[in-house]
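Engineer: The task is simple: from the sequences and hints, build the whole structure.
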Amino acid sequence: MTAESLSSPHEPSGGPLLSLRGISKSFGAVAALTDVDLDVFAGQVVALVGDNGAGKSTLVKVLSGVHQPDAGTVGFGHGTVSIPSPATAQRLGIATVFQDLALCENLNVVENLFLGRELRGLRLDEVTMEVRSRALLGELSAKIPSVRVPVAALSGGQRQTVAIARTLLGDPKVIILDEPTAALGVAQTAEVLNLIERLRERVLGVIMVSHNMADVRAVADTVAVLRLGRNNGVFDAAEATAADLVAAITGATDNVVSRRAGRDRAMGDRSVRAGGERAGGERPADSGTETAHKGDAS
Amino acid sequence: MTEPAAVTSPELAPAGAGKPTTWSGRARSRRRTVSDRLRGGDLGLLPVLAGLVVIWVVMQILNPVFLSSANLTNLALESVPVGIIALGVVCVLLVGQIDLSVGSVSGLSAAVLAVLFVDRGLPAWLAVTASLALAALIGWFYAQVHNRIGVPSFVITLGGLLGFLGVQLWILGPKGSINLPFDSGLVAFAQLQFLPPWLAYTLVVVGAAVLYATGAARAAERRRAGLAAASRRLLVGRSLALLAGLGAAVWYLNRDRGVGWMFVFFLALVLALHYVLSRTSFGKSMYAVGGNMEAARRAGVDVKAVLTTAFVLCTTLACIGGMLSASRLAAANQSSGGGDVNLNAIAAAVIGGTSLFGGRGTAFAALLGVLVIQSISSGLTLLNLDSAYRFMVTGGVLLLAVSLDAVARRSRVSHGRA
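Note that the protein sequences, when read in sequence, are chains A and B.
Residue 298 is where the first sequence ends in the working numbering, and the numbering goes up by one at each step.
Residue 418 is where the second sequence ends in the working numbering, and the numbering goes up by one at each step.
Each hint should be verified, as a subset may be incorrect.
[To be verified] Interface residues of chain A toward chain B, partial, derived using beta-carbon atoms under 10 Å: (1) 31; (2) 103; (3) 121; (4) 153.
[To be verified] Computed spacing ranges between beta-carbons, pair by pair: (5) 249(B) - 121(A): 55 to 65 Å; (6) 54(B) - 201(A): 57 to 67 Å; (7) 179(B) - 121(A): 43 to 53 Å; (8) 193(B) - 66(A): 53 to 63 Å; (9) 117(A) - 191(B): 46 to 56 Å.
[Unchecked claim] From chain A, some residues computed to sit far from chain B (all C-beta separations above 10 Å): (10) 34; (11) 42; (12) 78; (13) 86; (14) 116; (15) 152; (16) 195; (17) 201; (18) 237; (19) 242; (20) 255; (21) 263.
FYI, nobody ran anything at the bench for these hints, they're computed from the structure.
Just so you know, even glycine gets a beta-carbon here, dropped at the ideal spot from N, CA and C.
Structural biologist: Now the structure itself:
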């Protein structure tokens with residue numbers, strides 16, 4: 001394993017919790033992932049970003065056991081593992097919250113949290129389940145009106161919270177969140193971002209797939225960029241600018257986003273330029289924060 | 001039966017004080033009022049209870065015999081076969097499937113019972129067991145076709161509706177009808193055996209005591225854990241209401257023949273299914289599969305096993321209903337399970353509040369739904385109106401119930417409680 005991420009201040013000492021090396025996956029003639037590396041440390045939030053078709057979802061599905069990689073290794077804990085099925089992923093401690101959340105709207109919060117792992121199946125231990133649900137949601141500072149309301153009555157952010165809390169019951173080491181803030185309002189997004197920070201405090205490894213640069217920069221420690229199924233840089237979230245990320249995602253410093261930003265700036269007040277975001281002029285490699293390249297796989 | 005919704009409503013009371021969590025303050029929200037719940041489309045058993053009252057009042061006005069002890073005793077017994085079939089229909093509807101063949105399966109079961117018991121001279125218990133086994137096998141077969149090939153249950157059971165009617169006619173042979181001997185235990189159970197009054201009253205008292213004891217134990221356990229619990233007053237009131245209601249019913253029926261054993265058997269099945277649905281992990285997985293099959297699968301629920309069990313439960317209960325129907329008639333014939341049995345059973349489940357869209361409903365739906373259906377049928381028969389009118393009225397009520405289900409669903413969606 002290469003100790004390639006030493007530059008990041010957020011990573012605790014010790015090896016990565018989860019480390020992918022040279023992961024490739026093709027669907028017929030289409031190469032969805034080519035030689036992808038990714039490291040996740042305990043207590044670290046890694047944002048996985050990329051344009052549509054960059055391979056984010058495929059990578060998530062490889063990790064959650066839905067797809068098998070054609071090549072490459074998954075290191076987890078102290079050894080390499082294979083993840084042939086979603087059940088295996090859960091057993092290992094890799095939990096995934098997919099974008100559709102997979103909650104049963106006709107069941108209440110407690111029933112959803114404990115679905116498939118009810119306590120005392122022949123005479124449900126409802127009291128313990130409710131106490132544990134409330135304790136768990138309390139630890140996450142979740143704003144749920146009552147654990148006895150059907151999930152249908154909850155907002156999008158609350159449902160996201162329930163879905164994440166459910167994975168925590170399985171005592172995972174790594175949580176993968178697929179677009180956790182998509183389709184959420186401003187306040188709900190903030191709630192989910194708070195929740196992600198609390199997952200980090202619990203020393204979990206968090207992989208967050210997102211399209212939203214503001215959210216990514218708000219909570220992530222490092223940002224891993226995928227482009228056309230390959231690594232296109234790992235950035236320190238505190239130092240990378242939105243322009244850096246956009247350039248890495250689109251693969252061009254002169255892209256539609258930067259042109260738009262430049263046009264807005266040209267029309268706006270030039271004097272505030274230094275305080276705001278830099279114009280999309282630098283190449284990502286020049287920013288000094290890129291720490292990994294696709295070529296250094298061991 | 002008192003309204004079983006009361007069993008779960010205490011949890012909606014304000015949360016216990018002293019919880020250190022930041023959100024429990026919010027949980028101290030107002031108790032959802034009944035009108036709130038209704039407007040939100042959370043109808044529970046209220047519509048069917050209201051409907052039952054309306055039907056009873058109207059029928060009593062039209063014919064004063066309707067609410068007589070004799071007629072109600074009969075009504076209770078007549079409800080049982082279709083009610084038990086409806087109980088099975090509730091199971092398949094809960095997991096989001098349907099079984100259109102319950103009538104045919106009940107008729108076939110009656111025929112198998114009669115052929116084995118009368119023609120082959122097997123002992124009654126063996127004939128009953130064989131009939132149950134065959135019905136369970138049919139449900140298992142439906143589930144396999146659904147799980148492995150992916151044919152919608154609507155089509156599979158439509159095939160079963162016709163196919164098993166054919167098998168029924170075939171095994172009954174050219175005679176087409178087999179009489180069950182009157183001195184057999186089966187016929188006696190379905191027609192002649194009533195609880196002695198002392199036993200009926202004892203059961204009522206035991207029922208009220210058990211309701212109180214379980215409620216109090218639950219409340220104490222919740223209070224120990226610092227959760228909101230039902231108050232003693234509510235628990236006592238609930239038990240007293242049950243005691244008074246059932247006591248009065250038993251007293252009224254005892255003025256005639258009394259409470260039939262068959263009806264008690266039906267009630268026992270309803271309570272057993274209610275327990276399974278509300279207190280076991282299997283019951284929760286049935287609701288989960290009906291509510292969101294993909295979510296249930298990802299949560300580790302064995303969806304195929306749940307579907308298989310639901311189909312097997314449905315055909316097995318249809319078999320019990322068919323055998324009791326034959327016992328009550330003292331004959332199995334070509335029209336056993338035919339006519340309106342099929343649709344009455346499905347209608348009873350839906351009228352009782354089981355959603356056709358899956359994931360919503362209780363075991364009590366079958367009990368109350370079948371009482372509505374049989375009340376209409378009994379009342380119109382007393383008025384000397386033939387089945388033409390009965391079909392029309394029952395059809396209208398069914399349409400009303402399904403419309404109510406659809407409106408309630410839309411209301412739940414618009415109130416964010418879909």
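Engineer: Determine which of the earlier numbered hints do not hold for this structure and return their numbers in increasing order.
Structural biologist: Violated hints: 1, 5, 13, 14 and 15; rest satisfied.
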